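Colleague: Protein chains in written order, with the numbering used here: chain X, 1 to 452; chain P, 1 to 452; chain S, 1 to 452.
These aren't lab readings, by the way, just hints derived from the structure by calculation. Treat the hints with caution; some may be incorrect.
As the list claims (entries may be wrong) - Just a sample of chain S residues kept apart from chain P, beta carbon distances all over 10 Å, derived:
1. Lys156
2. Gly157
3. Ala269
4. Thr274
5. Trp344
6. Thr348
What the hints assert, rightly or not - Dumping the calculated DSS-like pairs for lysine-lysine here, alpha-carbon to alpha-carbon at most 30 Å:
7. S/Lys133 to P/Lys235
8. P/Lys362 to P/Lys87
9. X/Lys62 to S/Lys62
10. S/Lys63 to X/Lys62
Since this is a predicted model, take the numbers as computed values, not measurements. For each residue, glycine too, the CB sits at the ideal point set by N, CA and C.
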Amino acid sequence: MKFKKRALAIAIIAGLSTQAQAGSELSTLLMLLHENGTISDAQYKRVLAEAQASEQQQVAEKKDIQAQLDKATNVEVNVGKGGLAVKSRDGSFTSKIGGRMQLDSAWYGEDDSAAGSTLGDGTKVRRARLYIKGTVNKDWFYKFEYDFAGTGDTKKGITDIWVGYNGFDFDGLSVKAGHFRDPFMLQDQVSDNNTQFTERASIDAFTASRHIGVMGSINRKHWTTALGVFGEKAKTDGGSNDEGWGLGGRATWMPVNEKGALLHLGLAANYRSTGGDSVQFKQQPETNVSGVNFVDTGSLLDVDHYLSIGAELAVVQHRFSGQAEYIRTTLERDAASDPSFDGWYAQTGWFLTDDTRPYTHKGAKFKAVTPNNPFGNGGVGAWEVALRYSTIDLMDAGIDGGEMENLKLGLNWFPVAGLRFSANYIKVLEVDGGEHNNEEADIMQLRGQWAF
Amino acid sequence: MKFKKRALAIAIIAGLSTQAQAGSELSTLLMLLHENGTISDAQYKRVLAEAQASEQQQVAEKKDIQAQLDKATNVEVNVGKGGLAVKSRDGSFTSKIGGRMQLDSAWYGEDDSAAGSTLGDGTKVRRARLYIKGTVNKDWFYKFEYDFAGTGDTKKGITDIWVGYNGFDFDGLSVKAGHFRDPFMLQDQVSDNNTQFTERASIDAFTASRHIGVMGSINRKHWTTALGVFGEKAKTDGGSNDEGWGLGGRATWMPVNEKGALLHLGLAANYRSTGGDSVQFKQQPETNVSGVNFVDTGSLLDVDHYLSIGAELAVVQHRFSGQAEYIRTTLERDAASDPSFDGWYAQTGWFLTDDTRPYTHKGAKFKAVTPNNPFGNGGVGAWEVALRYSTIDLMDAGIDGGEMENLKLGLNWFPVAGLRFSANYIKVLEVDGGEHNNEEADIMQLRGQWAF
Amino acid sequence: MKFKKRALAIAIIAGLSTQAQAGSELSTLLMLLHENGTISDAQYKRVLAEAQASEQQQVAEKKDIQAQLDKATNVEVNVGKGGLAVKSRDGSFTSKIGGRMQLDSAWYGEDDSAAGSTLGDGTKVRRARLYIKGTVNKDWFYKFEYDFAGTGDTKKGITDIWVGYNGFDFDGLSVKAGHFRDPFMLQDQVSDNNTQFTERASIDAFTASRHIGVMGSINRKHWTTALGVFGEKAKTDGGSNDEGWGLGGRATWMPVNEKGALLHLGLAANYRSTGGDSVQFKQQPETNVSGVNFVDTGSLLDVDHYLSIGAELAVVQHRFSGQAEYIRTTLERDAASDPSFDGWYAQTGWFLTDDTRPYTHKGAKFKAVTPNNPFGNGGVGAWEVALRYSTIDLMDAGIDGGEMENLKLGLNWFPVAGLRFSANYIKVLEVDGGEHNNEEADIMQLRGQWAF
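Work the whole structure out from these sequences, hints included.
Modeller: The following block contains the structure:
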């Protein structure tokens, strides 16, 4: 009899879900009461049937809740740093809307006896950019960014407009096509949000900037390489003449690349055929409010093509960081001798707080500082002091573009992620040659920046 | 005694929730044990009270979870195609942020003996648009779109800026007001994202384009009609003279309109009073990189008004699609005879893959191709070859604008939804008259496009 | 024996979770059956262990669901008014993407005998703005807004670009830095979305508008105060001369400030040093389509600085609202006598529907009307009629800028939140002096507006 009851119970219980381990206590009790003869066969079956129905209902309810939860957590929305970021559960699809605002204020002191006052004090919206970027189908990614602080034609504000693909089997390989920066110059690869000073060093006169093109790159933890072929800038309009084109490559080696410890070495070359367009190299004294260039080759008309080469060095040791770069540009002229211009800078920074300058091997460049102790939560944010010497020489082969030497002292405050205030003092040590020969200026510049 | 016990049990159980069927197993067991005399009245009541409390708590917990779930699923966020789309649960409120990037590269070969080299090779950001559109209170909808690839005045980049209402009882009726396209020309109604070639056929010289206006339209599965009254373009600034205005209507009939099977017939007319402004019709050889127009009436000053009429035909049969259109524009001049210009094109496409060209009766136009087998998931995307003949004649009544005939061969690759690469070869068969008389050009054009 | 069993039971139950009250019914039953001797010690332990495992599993499942719910409700997404708003659970982080579209259409009737036709009928995209704004880390907030309807340089479209902080202990205190409106003139503080008429009263000629600057303000329910120091407008480019700068302050007192009941009194002053730039005050006849100014001082070259003062009054009594303002601007010229210009307006509105004009002490200004009974849900939206008299005098110290008096009648329809249609009839009562002396115009203006 007991055996028969047990067999019945086992047969019925076997029909229940696999959650029999936990959750089977009532069934077990029923079985025991049945075995003990406390309840009859009929009573046993009746209650067991109810228990079974109950369990099925619970399973259905759980499924329903989980389905709703899956739907609700299908896409993750994030507003942590301002802007708006969304991500599908598996990360195959993402969208991020963000931007940057940089507002400058500058005061100029000049040695009036030399060349008269040339720099006007003032304020400026340095950059006002919005972007949307994203990932689609895991392997495809794109960016669309526009700078509203441009002057003149609408089209001038186009910065990044490109599509990329990284679904290759080869680790770290990606290809992108569109309008983006040539792979040249460390300080140019670093976003202007994340440069150590408000303006880049004066060799930015040799910037390759952005063009419409196609680039392949490999980004690994300890080395990167990139090679691209480029047409013209987005702002350049067509016409009856063929446009210019270029070819650029960059390779870096990072034997040390850990959080708070970096040794970065890099080489890059950039070739550009002018397509008959004129070429001009010029630079302001590492300020951008007055718009006056202290060195300037003027418009060079008969340049067929030019080649720029650059060498990069960067180190990070916890709070300390250093960065140096040398660039030489050689122009090929049809009817005159071929001038070479060059310049270099070395800069160093030291965090007063327990912070470090972050770096990424994706693009081999520095990233945004995120303070370890944000301001407003008892913390003071991140504070950094920085010093730079830079020089540029635009005098060669009869071109009197001038030579400039600057010393720059900077203080950066990063109260919370995304926000930055910088004060820069620039001492123009010497301008030699060119229209601003012997100019010596003291420049005080403030910037408020919000990158979201 | 048993009866009394059962009555007690029933009374107590009745106080429990309606989930008594499943979920009542413990109560039933209790009742039976009580009936059997295994447990006493007091014991029975005690355990039953606990079961009751337990059930109430479970109901409360479920309610709480469902409330949280409702909140969490109140708005659905989607990043499936790039961009960002959100939708309230019932669809009454939606917002979508998206855009398009089109980057062109073109190479020109010309018969130099005739007119000399006139087209310059180059690259171009053809379009760089962002939009936000949405639905509010179910019946109201709006769109705000801007093209950052414009040249010149900021205002020129405004494309769609309008509000609509479709809360009428009449099926398919909607009204919209703002800046949007006149209802004219099939190839103009089709978004430039979705045209079969990178550029529209040369009768695009007669485009009505966009104006500030009000339009009513009815869109049904087998026919559509639209009628609007329009002021000037967004980029036109006021002044002392009255601005131009226009009136436009379009009607279509789609006796066959299923997925993969379409017969579309259409007629449209567009009247425009110039308000004293000059009028010009001109067209590039179906490329937009060099910016050189091969046919051009020049600025016509004494035009009081003009009337354009158009006839449309489109067919789809699974992988095959065809499209043809004829336009005639007649100008009313005050002091000179009235010229008529016209043109037509016929184009056809064939998908190499198992895909079809999708169509919507909302606006009676073709939509974006979404590949059946996206690239990267084992598929190759959608591949289409296409061929077009087009001609335009801008010579009449003493106006020597020229006549042009083009043949165009196209290859389209749609790897994943939103992404498109196109290669177009254009053979300018003949230019007759005008400044580019006898010009014969070979044009190779590539486009990368991302519409998100 | 019973004691022993009970002790055992208590010991085991004590090991279960704290949910023992509700949810312990099976344990209680087991204990009782054990006490009654219906089940053995071994049976009791066995079932109790299963119950314990079951409960632990349920607790784990609930935790898991709650964790998923927490994640799903971590950020709240809202599309209620169009646009897109997201908010973290505690409100510390928010982002909102929105914008405005204003499309105008105007018809002008003029007394041709006096000065000939000067205003051209037409249409215009008055404003086409997008913005993103947000809160970060609770205390920081920012806004980035651009107007795509500008003409000319890209940079002209920059409206609001600023960062603010309000994490002070002092109630209502906040500081902001960037490009934003000087704290001057009530009708200027009110967003153009929310002004009672399509255009502001003619003293808008004295607008302080927006500059790059820093401002501190205190906003309390019954009073506000703001003080800022400002540089130049975003669109102003630097150069060799120092730019202009300004100082502005505003204080308001709202002895009555409830929903539907307001008494607002305000005073403001705005000082501006020109930095050598020319100054011009001019105004259209409260329409913006034709672009013709009826009063205009022309370019005043030798102004060193100028000071504007203003007095504000506003009342709301349920459906009724009234608003009046007086402004006087005095110019300091180096080589000529110092002119003073002034003007004032008084306007009043009456809602035909059961609505009221809402006001906020944050910035001491009127807000957007949200209809109590939106159109389309059986309601008719909100309807308001309004009347305004305004005058401006730009004639003094030999400057013949003219004097203008306008009467304006308005009808506003707010069908749903965000949407507004306005019809304005303007009667230019008199123009005295200046180039448009004796001009008398009748102006009919329509606007469709969508603010999302």
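Colleague: Run through the hints listed earlier and report the numbers of any the structure violates, in increasing order.
Modeller: 1, 2
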